[in-house]
Amino acid sequence: MKRLTTLRAIAALCLAAVSLAHAAPDAALVQRGESLARMGDCVACHSVPGKAPYAGGVPIDSGHGIIYSSNITPDRQHGIGAYTLQQFSDAVRKGVRADGTNLYPAMPYPNYAKVSDADIQALYAYFLAGVAPSPAQPPATNMQFPFNMRWGMGLWNAVFVDQQPFRPQPGWSAQVTRGAYLVEGLGHCGSCHTPRGLAMNEKAGGSADARFLAGGELVGWPVPSLRGMAHWSEQDVVDYLQTGRNRTAAVAGEMNQVVTHSTTHVADADVQAIAAYLKALPPAAQRSAEVKPQGAAATTRKLTAATNLTLGERLYLDNCAACHFVTGGGATRIFPQLDGATVVNADSPAGLIHVVLAGAKTPSTAKAPSVLAMPAFGARLSDAEVAELATFLRQAWGNGAAAVSAREVEKVRARLAAH
Amino acid sequence: MPNITLDEVDVVVVGLGWAGSLMAIELAKEGLKVRALERGPDRTSEDFAYPKPADQYAYAIRDKVFATPREAALTVRYKREETALPTRKWGAFAPGTGVGGSGLHWTGVLIRPTPTDLKLKTYADHAYKRGTLDPDMRIKDFPFTWDEIEPHYDFFDKVCGLSGKTGNLRGQVQPGGDPFEGPRSSPYPLPALHDTLNCSMFADVARRQGYHPFPNPSANVSQAWTNPYGAQIAPCNYCGYCSKYACLNYSKASPQTTILDVLKRMPNFDYKVNANVIRVDLHADRKTARGVTYIDEHQREVFQPAKIVVLSSFQFANVRLMLLSGIGKPYDPVTEQGTIGRNYAFLSNGNATLFFKDKHFNPFATAGATGEMINDISPGNFDGPKLGFIGGAKIHSSQSSGAPIGAALPPGTPSWGKGWKEGMIDWYGRSMTIGITTTCMSYRGHYLDLDPNYKDPWGMPLLRMTFDWRENELKLQRYLREIVLGLAKDLKPDAMSENFLALDSHWDITKYVSTHNVGGAIMGSSPRDSALNRYLQSWDVHNVFVPGGNAFPQNFQANPTATIGAITLFAAEAIKKQYLKKPGPLVQA
Chain A
858 MKRLTTLRAI AALCLAAVSL AHAAPDAALV QRGESLARMG DCVACHSVPG KAPYAGGVPI
918 DSGHGIIYSS NITPDRQHGI GAYTLQQFSD AVRKGVRADG TNLYPAMPYP NYAKVSDADI
978 QALYAYFLAG VAPSPAQPPA TNMQFPFNMR WGMGLWNAVF VDQQPFRPQP GWSAQVTRGA
1038 YLVEGLGHCG SCHTPRGLAM NEKAGGSADA RFLAGGELVG WPVPSLRGMA HWSEQDVVDY
1098 LQTGRNRTAA VAGEMNQVVT HSTTHVADAD VQAIAAYLKA LPPAAQRSAE VKPQGAAATT
1158 RKLTAATNLT LGERLYLDNC AACHFVTGGG ATRIFPQLDG ATVVNADSPA GLIHVVLAGA
1218 KTPSTAKAPS VLAMPAFGAR LSDAEVAELA TFLRQAWGNG AAAVSAREVE KVRARLAAH
Chain B
834 MPNITLDEVD VVVVGLGWAG SLMAIELAKE GLKVRALERG PDRTSEDFAY PKPADQYAYA
894 IRDKVFATPR EAALTVRYKR EETALPTRKW GAFAPGTGVG GSGLHWTGVL IRPTPTDLKL
954 KTYADHAYKR GTLDPDMRIK DFPFTWDEIE PHYDFFDKVC GLSGKTGNLR GQVQPGGDPF
1014 EGPRSSPYPL PALHDTLNCS MFADVARRQG YHPFPNPSAN VSQAWTNPYG AQIAPCNYCG
1074 YCSKYACLNY SKASPQTTIL DVLKRMPNFD YKVNANVIRV DLHADRKTAR GVTYIDEHQR
1134 EVFQPAKIVV LSSFQFANVR LMLLSGIGKP YDPVTEQGTI GRNYAFLSNG NATLFFKDKH
1194 FNPFATAGAT GEMINDISPG NFDGPKLGFI GGAKIHSSQS SGAPIGAALP PGTPSWGKGW
1254 KEGMIDWYGR SMTIGITTTC MSYRGHYLDL DPNYKDPWGM PLLRMTFDWR ENELKLQRYL
1314 REIVLGLAKD LKPDAMSENF LALDSHWDIT KYVSTHNVGG AIMGSSPRDS ALNRYLQSWD
1374 VHNVFVPGGN AFPQNFQANP TATIGAITLF AAEAIKKQYL KKPGPLVQA
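Protein chains in written order, with this note's numbering: chain A, 858 to 1276; chain B, 834 to 1422.
Incorrect hints may have been included.
[Unchecked claim] Derived DEER-like restraints, expressed as beta-carbon distance ranges:
(1) B:Gln1005 <-> A:Ala1241: 54 to 64 Å
(2) B:Met1257 <-> A:Lys1268: 44 to 54 Å
(3) A:Lys1268 <-> B:Pro902: 48 to 58 Å
(4) A:Asn1165 <-> B:Gln1042: 36 to 46 Å
(5) B:Pro1100 <-> A:Pro1025: 32 to 42 Å
(6) A:Ala1241 <-> B:Leu1030: 37 to 47 Å
(7) A:Arg1237 <-> B:Arg1041: 45 to 55 Å
(8) A:Lys1268 <-> B:Glu1134: 51 to 61 Å
[Claimed, not checked] With a straight-line Cα cutoff of 20 Å, these simulated EDC-like cross-link-like pairs (lysine to aspartate or glutamate) come out:
(9) B:Lys991 <-> B:Glu1406
(10) B:Lys1140 <-> B:Glu841
(11) A:Lys1224 <-> B:Glu863
(12) B:Lys1325 <-> B:Glu1315
(13) A:Lys1218 <-> B:Asp880
(14) B:Lys1192 <-> B:Asp1028
(15) B:Lys1140 <-> B:Glu863
(16) A:Lys1218 <-> B:Glu879
(17) B:Lys912 <-> B:Asp1341
(18) B:Lys885 <-> A:Asp1175
(19) A:Lys1218 <-> B:Asp875
(20) B:Lys1105 <-> B:Asp1129
(21) B:Lys1308 <-> B:Asp1341
(22) B:Lys1190 <-> B:Asp1327
(23) B:Lys1308 <-> B:Asp1337
[Said to hold, decoys possible] Covered by chain B, per the in silico footprint, the following chain A stretches (three or more residues, Cβ under 8 Å):
(24) 1189-1200
(25) 1218-1229
Hints listed in this document are in silico derivations from the structure and should not be mistaken for laboratory results. Idealized CB from N, CA, C, for every residue including glycine.
Using the sequences plus the hints, can you model the full thing?
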């Protein structure tokens, strides 16, 4: 089951049917639409693994009830086969179904509003002619009051949704412009990476706002800022999106699915454009380290000597050092570097705790087929031990983040157990 | 028993270890529909996530990832006048089962034979006076040239991320490597592993005595490596759980770490586990196979039709399947007619253990392949012809594990109780070994056939092994012993124990040597005395290919995996470039 924060507490596609006959679109347009659908990661929410692609029925836990994604195959009765281009466009870009009712913004139409007319046409061509129709009928969405009042979304849209089309910033190269278009629109990166307001609205809709992609939190996971990507080169960003791993990091958490279903399938030039754009964004202000780092040499020396160890250090040697080494350096493209890692140094330790408890696994991609797994240590370490270990990690080498309590570990463990 | 027939495939691969995985990926990349049938269970990284494999009792003592005798037993005897008895517990060798096969639990020493090793018959005929060698010896040349096979060794080295020191680069001998190795077309992909105290001590004394030490060529990789298939191998962390274990760190080249994640992405490949192939089914003319029959996990008999059959299970399982299926004629040691079962060979080892009161060898920080070796005592490189035997050995100081059960203790230490405990406290980690891994020639009377008395759970006869040491191998052992003890004494240990064969020794099936069983379905240049041609194609049934150690006509001193990889890739290339265009015998008999 997918899970969303309250924001997305508010959403779904259940498209009814009015109709018009369509001429068969040309194959090139369908193919372009297919790669745009990959960019938009439509499959992630609209396909149940092992069932017909795009037939919907994926349960999305909004926190206020379960939203079931809709069937967006060209089946005329249960899917969108009867949609006109305009109706399709309104669903994707405005969150309005053919019958005039509102979708919940689990469907990222506030982002898709930036998609160009030409791309909407290609997507429409693909969904009508490139996808096999399926008569599957997803279960009905079941939201609690007052969220079951779909008309309420109209008010939310009026206040929070920027219906303006994509606007390039002055001074952007063609490549950066392309990257911005993809990130702001179909990529809907902001839906996780832009901080949310009280009504779960994204605080910024586009590149002009310094809060755009400045990081946030998603189901307890600290989502990093994508602005400037100070620690990564453009190639690092490209490698991460295409292979789920790069020189220093490996994908974990929700982003694993994004890489698997979306970014690994995106054309090289587009991934490079995304990287160029993210690198071009002015970085968010650096916060100063909460604690003074030990220094890389000091930590490495202490772990190498392995005498008078703290519990955290001892746990690191027993459980982690085999792959991440006493330097915290890991191994290029295989074992993530812990010294300086964003997830280790995040304000919230929840992501780090999650990985320690549940493990992580790189997706198998065309350019990096190896599935490299970090084991789950939840069964091996107690809450207090994980807290000691995480505290050590957050203050070892050049890392400088606050200590972790057993209570914080307990909360993450409880959340994991609930799934 | 219900009969099930599956959809036809282009290629069915029987056994998903090294040979099967290489064949499968090479042929799947060609666009063929490939299905692998594996006798044992699936084995994925979840099964050997840290710290699960760090369990000596489960893996090394209780054989966690090996075939059980129930599924893979054979019967054994020394000579044909005896009644063979079944192996009820593994001893001298221990075959794997399950996805990855023995490639999952091997140590990771990836070394090539020399060009002379591959042309041993030619060398023997040239170097030994007629009549000086055992008249029953039946050694043969491998049926290809060094230049033909080298590119495949080279590719397989890169598949595995071979770590070590180059000895001969395109004819130029390189410092620090093995000067006796055949010319390689490219250097070792990765630098050598870090050495340990035993390595440097052995290398020093060997060099002092005029030998040419070099690091054990290792498929426990020294650095992060991406292989030609795009698979990634991680740098070894020297945990010492290699031989008999699945690597917990993605650091040992195995089908899992080097091939299977790539193969599993291919839509034209799939595999079935717990699928125990019991025979190859032939067409009425017996010139081609139409598929294979296996018993599935529900004990149902299933027919898998296929255009090409690849037998890539363990050496003796391949030979047995050929015998059970009537592919080729069984070998008769009396008339020397027939080809299936001949030229079975094993290998011997031996060692001296050196104890030092004042040294810490830290054996718990090691890779399986950690060690230094010399190749000076290999055919053509020493005075074999004058000594009256043929063969040679790797002489090495390897430190493959520091696991506690069976840790070496000086002679006279009690094997249990208080005395043993005290011995462990005083001596654990204070010893090193100098060992030998030898050649083993093939003989007229060493062979494999179907046992007349013992059957498997499905009513089919077990394979019978007839094998013992011959004088040639025992003389070699005695000669190597002198060299090892000469090196050992020069290191001045405080105590020493030794373990070598005596001139009257019989083969001991109870003590582990190595799972380097070879021969039985050998490659050669004539269907008169070999089962397979140079492309591992059955001379008799042309759409059956049989890659594996079974194809070696005798055993060289190098570990077999590099050659199994190379000959499999050589065969795969012939299938792709020749057989698919024109199915039929690739070599005219």
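The hints, checked one at a time:
1. B:Gln1005 <-> A:Ala1241: 54 to 64 Å: For Ala1241 of chain A against Gln1005 of chain B, whose Cβ atoms are near 60 Å apart, the range 54 to 64 Å holds.
2. B:Met1257 <-> A:Lys1268: 44 to 54 Å: With Cβ atoms ~45 Å apart, the hint holds.
3. A:Lys1268 <-> B:Pro902: 48 to 58 Å: holds, 51 Å
4. A:Asn1165 <-> B:Gln1042: 36 to 46 Å: The hint (36 to 46 Å, Cβ to Cβ) holds, given that Asn1165 of chain A and Gln1042 of chain B are roughly 44 Å apart.
5. B:Pro1100 <-> A:Pro1025: 32 to 42 Å: Since Pro1100 of chain B and Pro1025 of chain A have Cβ atoms about 40 Å apart, the given range 32 to 42 Å holds.
6. A:Ala1241 <-> B:Leu1030: 37 to 47 Å: holds, 39 Å
7. A:Arg1237 <-> B:Arg1041: 45 to 55 Å: holds, 48 Å
8. A:Lys1268 <-> B:Glu1134: 51 to 61 Å: Taking Cβ atoms as reference, Lys1268 of chain A and Glu1134 of chain B lie about 54 Å apart, which means the hint holds.
9. B:Lys991 <-> B:Glu1406: Given that 20 Å is the threshold and the Cα spacing comes to 17 Å, the pair holds.
10. B:Lys1140 <-> B:Glu841: Answer holds: Lys1140 of chain B to Glu841 of chain B is near 8 Å, not above 20 Å.
11. A:Lys1224 <-> B:Glu863: holds, 19 Å
12. B:Lys1325 <-> B:Glu1315: Holds - the C-alpha atoms of Glu1315 of chain B and Lys1325 of chain B are around 16 Å apart, at most 20 Å.
13. A:Lys1218 <-> B:Asp880: holds, 14 Å
14. B:Lys1192 <-> B:Asp1028: holds, 16 Å
15. B:Lys1140 <-> B:Glu863: holds, 15 Å
16. A:Lys1218 <-> B:Glu879: holds, 10 Å
17. B:Lys912 <-> B:Asp1341: With Cα atoms ~14 Å apart, Lys912 of chain B and Asp1341 of chain B stay inside 20 Å; holds.
18. B:Lys885 <-> A:Asp1175: Since the Cα atoms of Lys885 of chain B and Asp1175 of chain A sit roughly 13 Å apart, the hinted pair holds (cutoff 20 Å).
19. A:Lys1218 <-> B:Asp875: holds, 19 Å
20. B:Lys1105 <-> B:Asp1129: Roughly 9 Å separates the two Cα atoms, so the pair holds.
21. B:Lys1308 <-> B:Asp1341: Holds, at about 17 Å.
22. B:Lys1190 <-> B:Asp1327: holds, 7 Å
23. B:Lys1308 <-> B:Asp1337: This hinted pair holds, its Cα atoms lying about 10 Å apart.
24. 1189-1200: This one holds; 4 residues, not fewer than the three required, reach chain B with a Cβ under 8 Å.
25. 1218-1229: Holds: 8 residues of the segment 1218-1229 of chain A have a Cβ under 8 Å from chain B.
In summary, the structure agrees with every hint in the numbered list given earlier.
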